[in-house]
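With the hints as extra help, turn the sequences into a complete structure.
4 protein chains.
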Amino acid sequence: MTDQPSAPVTGGDPLAELDEFSIELPSWAFGNAGTRFKVFSSPGVPRDPFEKVSDAAQVHRLTGLAPRVSLHIPWDLVPDERGGFDALAAHAREEGVSIGAINSNLFQDDDYRLGSLAHPEERVRDKAIAHHAQCVDVMRATGSRDLKLWLPDGTNYPGQDSLRARQDRLADSLQQVYALLDPGMRLLIEYKLFEPSFYSMDIPDWGTSLTHCLALGDQAVVVLDTGHHAPSTNIEFIVMMLLRAKRLGAFDFNSRFYADDDLMVGAADPFQLFRILHEIVEQDAHLPSSEVSFMLDQCHNIEPKVRGQLRSVLNVEEGLAKALLVDEPALRAAHEAGDVLGANDVLMDAYRTDVRERLADRREARGLPRDPVAAFTASGYLERVSAERVGGTQASWGA
Amino acid sequence: MTDQPSAPVTGGDPLAELDEFSIELPSWAFGNAGTRFKVFSSPGVPRDPFEKVSDAAQVHRLTGLAPRVSLHIPWDLVPDERGGFDALAAHAREEGVSIGAINSNLFQDDDYRLGSLAHPEERVRDKAIAHHAQCVDVMRATGSRDLKLWLPDGTNYPGQDSLRARQDRLADSLQQVYALLDPGMRLLIEYKLFEPSFYSMDIPDWGTSLTHCLALGDQAVVVLDTGHHAPSTNIEFIVMMLLRAKRLGAFDFNSRFYADDDLMVGAADPFQLFRILHEIVEQDAHLPSSEVSFMLDQCHNIEPKVRGQLRSVLNVEEGLAKALLVDEPALRAAHEAGDVLGANDVLMDAYRTDVRERLADRREARGLPRDPVAAFTASGYLERVSAERVGGTQASWGA
Amino acid sequence: MTDQPSAPVTGGDPLAELDEFSIELPSWAFGNAGTRFKVFSSPGVPRDPFEKVSDAAQVHRLTGLAPRVSLHIPWDLVPDERGGFDALAAHAREEGVSIGAINSNLFQDDDYRLGSLAHPEERVRDKAIAHHAQCVDVMRATGSRDLKLWLPDGTNYPGQDSLRARQDRLADSLQQVYALLDPGMRLLIEYKLFEPSFYSMDIPDWGTSLTHCLALGDQAVVVLDTGHHAPSTNIEFIVMMLLRAKRLGAFDFNSRFYADDDLMVGAADPFQLFRILHEIVEQDAHLPSSEVSFMLDQCHNIEPKVRGQLRSVLNVEEGLAKALLVDEPALRAAHEAGDVLGANDVLMDAYRTDVRERLADRREARGLPRDPVAAFTASGYLERVSAERVGGTQASWGA
Amino acid sequence: MTDQPSAPVTGGDPLAELDEFSIELPSWAFGNAGTRFKVFSSPGVPRDPFEKVSDAAQVHRLTGLAPRVSLHIPWDLVPDERGGFDALAAHAREEGVSIGAINSNLFQDDDYRLGSLAHPEERVRDKAIAHHAQCVDVMRATGSRDLKLWLPDGTNYPGQDSLRARQDRLADSLQQVYALLDPGMRLLIEYKLFEPSFYSMDIPDWGTSLTHCLALGDQAVVVLDTGHHAPSTNIEFIVMMLLRAKRLGAFDFNSRFYADDDLMVGAADPFQLFRILHEIVEQDAHLPSSEVSFMLDQCHNIEPKVRGQLRSVLNVEEGLAKALLVDEPALRAAHEAGDVLGANDVLMDAYRTDVRERLADRREARGLPRDPVAAFTASGYLERVSAERVGGTQASWGA
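Protein chains in written order, with our numbering: chain A, 1 to 399; chain B, 1 to 399; chain C, 1 to 399; chain D, 1 to 399.
Heads up, a few of these hints could be off.
For identical chains, the list gives no copy identity; a pair is met inside one copy or between any two copies.
Mimicking EDC-like on lysine to aspartate or glutamate, the simulated pairs with C-alpha atoms at most 20 Å apart in a straight line are [said to hold, decoys possible]:
| id | residue 1 | residue 2 |
| --- | --- | --- |
| 1 | Lys127 | Asp110 |
| 2 | Lys38 | Asp137 |
| 3 | Lys38 | Asp111 |
| 4 | Lys38 | Glu195 |
| 5 | Lys246 | Asp168 |
| 6 | Lys127 | Glu388 |
| 7 | Lys127 | Glu336 |
If you are wondering where the hints come from, they were derived from the structure by calculation, not from laboratory data.
Take a look at the structure:
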């Protein structure tokens, strides 16, 4: 990304910049997920990483927007008898996608009851650090650039542990994880306000995430999950600040009405999504040169999973298209004039515009279906895999 | 409960009213529970309702405060070969406790994916209504007075269903459930802001719960769960309003920093608990004549379960003791004088008072241990049941 | 309003129902307002109710949507030497508008430091009740149907006053206010979560407002101010519930990111506004037969006031137009099929539609400017009144 | 402050460390303040900085805890004919107190309608920077160390201004302000979530404040106002992080139930205050060597002002006393054992302890009244100044 605001593409189609934009899908979104009360299962849900990648590839095939799939370790480990990650990477290539970020899983081992990288016991911290070494191996095997770390550590009760001691232990563990990276690899550090811990999280906000990144070095960048903030937080402000600090590494997109609801991105507050993407465009962060990775992180419980991912990808595309349509010279003129309502009107003009036909035209021109959701339904894919994927265990929240 | 404020017990010990106060424990609190990310298991966790009742009885034995255990159907169904509910009720009597409210479980059947009593399909609504008939049978078998209904129904996406149609169907289903009650039985209707649904809940607030109770009749009353409100909600105000309307049936006590965290009551905001209990005392609702049932509803994931329940019961007792110590004549005098800070000081004087020794004295006088937590640890109970309860399946969130 | 869902206008333009829709403007929105830190003044701000009515009439002249102006007593009292309310009503008629609701002001008298209708002292309560008698006189003089009551009463500190005693006094005062109404008049009772009181409000939520309305009688209905809820509250659910109870009397429209920010309606979350208006349309409450009054209640501090009201009126019209475009048969079909994403898509299709040209066409057909904001700017009205309204004291928050 | 946790004072009174602890009072707390709806006035309210200092000195005289008074420029400017700041500093000395931080006022000039240090126009930014030069002059005249900057800048509407451009201009202005400091002076930079701006604030959170401090240099530190966070924010975690980064410069203490309610510190959530002070003690930040300044920042509208400050000072003392009583070795042992409930119990034991008698004993030993509030009431001070301070204009929110 550059320090200069993006120059308007003179005489060109502002939507042309969509050509270079892509979204990364998480493998686990195609498995079963849900709430603490119930995880509902669905016919056709994948039973292994290969089937997850196939489902993800459908989304890319129909939209041209989602060429990468991120994995979650150990959920997506590939046993040697199935060919290991070489086989998975080859399968992805065949399906027309590639492997994206590698996520380390730090919340499902009994040892992690009181934490992982910030755990009071060195033995457990070492185990968590070693798990990242395994993840880096997967990165090398799959050609992945990004090691993504969401730290579920925290405490449930005041006094349960020393907040300061946990932070010092965390900083030490992160140094060790960082040292595992090859040149060119990045460590993406996510923050979250609460859940699964309910008194304190060890990385609850962007300030904490950034503090650790600054201490680690240039390869450490922040992940912003749109569902991980307190009510009323101005998320696009944080986007702007992290871009300004050159430390916004990635998004986990989803949406929420209450807490970390993990609904489809753009479903709860499409205007917020537009505002976020407007800040992205303001700093040219939608272009590949920014190295900002746009990922989905959603939990489909009652809705069909592939279709939920399709809709989400299209929501991001739509929001970005509108952001690209903002009349930047008019906006800047209103800013200079101190015209409060005029400036707001310029922004809202873009938001109010219905871009669906233009996006359908663009798809058609690229050999993609005008309506990817309808095309997916018509394809019979879901019926086919529902018939094929019988027996075995569906991938789920806990597997 | 009466319309008159409680008269100060002239010359007497204000804490004497604690003698009549009791708390109901939920059977499921002794099983494993947790978050959507992980349910940690613990040694000694009960495998059936009998063992749950035994654990609950420990809490009563050590505190004298918790003589009832509420059940959850179907989790606590007793098969005929184990003697059915007659056997469970007898077991409870032997352990010195009795069976309290019967909770209907409306969230773990695959049919309930889109709701239960408010489901679009009549077939599913009928099934949910029939489940309450089963619960009423359990009430008759166990001598329970209260049918407790927490409705997890709702929607995740705007437009997913008609909010109005859901409400009309719900009202109809509730009429049918209400018709199942014997005279003297009560229907307790709980409300919750969100989770497991993330756009709308069909009973999200006390206004909705009360609206349904008023439509149903005098046997329908509201359950207030202290974790089921939006941030910043003044819960004690709602307590006051429901008591004023003579429709506060029960509490589900727990505490929260963020959402429905289900931590131990009094752990997150002991001053809020005190304020709630002050409103209770103001309207004599701590006395049995009020028929308000004080229940715990907590989710112990990382903390030991029996000890967590012990601490919670003691927290409620401590808060109530402080509320009973409020100098009511001084408070009223300050109110009449419009003395803002003086009135606040009177309330805070009671809150600031350390009542632990007085409560220990009261326990000792009743043949109970001064320190129930220490007595429990010293008893070796947990070690004993951990050794005994080997094999079988531990009761858990989903079982 | 009716119990039946609105029948689709077969073959007709769904937007035709906009013809019967109107919005009421508050007189005070044209005066200076702001935050506790600063009220900024602007050239041309009205100095009396006549000038406020003239400004409000501009909005109606340009949009055809805002034929009524509500007054605030005592801010808008008209001295006899200026002809009293007869003169003001005549002035309004000349300007093409009429007088709407009469708002009682209960927060600016030194006597109201500890409350008004719920004040501990009978003398103060009597004063507040008498103020409503004065407001009813204004209603008779101006032909107003609605007495609008926002109660700022509450407490700042726990214990400051008895929550229950305040509620009992409030109920008594409301009975006396209600008794003042002529047949056909309505008492609109607003609720608010917090501010100006910071511990408890005496009418904090819709449950409390509805409880009082039910106790008073059919002429008492609830006012829903979109800025008066806790974060994350599902406001459209409350709209649905109040319509179902036949007790939704009016809206105070505005928008918010944090608290009661009082920004222009539709500015912070246009999708929420659409969802609210969808519930309105679902129960035919946009039609005059519903008797729901749609009012603005906003606080323009840094933005130009007439233009701010124009934009707000247009935002409501736009949201309602989109709600009228929802394909109700398709929506119902998706509901019956349990098609979560399909139903959401139907709703979102309407929301995504750009209705601005259709609304401009409608305006043109009715002899109104296609772009009311541009027409207002071009009219030179603001420059003219800025030159004319020199001397005197601008109407302000406190006057 | 040191990097090591505080060593327990072997064999000594843990409360002895209170001897070195002090709280700074804001001059404006003794004037009238309130909400946007009404500022109530009170008899005896000061009319100038001299009278404010006298009132503040009463609090120190009775508690021994509040030896400094912070000023607010231009509210507390002293005209030459009254002797300028030399006279005010001398008056403070006579009253037994000294001048603390100097606050710059950036919200009451008409030029600041769209911001001050981040304003789009260079002319306005220069004016705001020059205002800080004036403040630094006052610091030199009064011997003050701290320049305290709360930035009210922000926007009300999305698109109103460029978030990024505002941030860049702000960074530039802050550099110029920082350059004004003498060696040994500090720039305290406060953050606030919202109000007076309702879409974006230019310094909304600790991450932004810290980012600017790191860019400026070692003399720039963060101010944490306890009322300036989103609901559910874990404030003590931020305290810990800022101490760890050696950038916690000061507190603005107050308390809140909803937004920036500015109630007396400890009134809304005394347990939160205790947790904050526990983190302070954990890192020895209550000792003067930490250079953390503990200030009050409250808005007394309906409560008496001097008494409100007295109660607040005593609340902080009480919370700190309890934090000093935490059995640190037992706490650390529980941490090492992973004893969740045991560790929580250790913390709660200290919180539950009633320290009022011990604090009264300490006061008596130091020649102070056991009950400062009662002593203040008995002193007749308020009646005396109410009789004396007649005529002139009471200091108020806006003056």
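Structure versus earlier hints, numbers of those that do not hold, lowest first:
2 and 6
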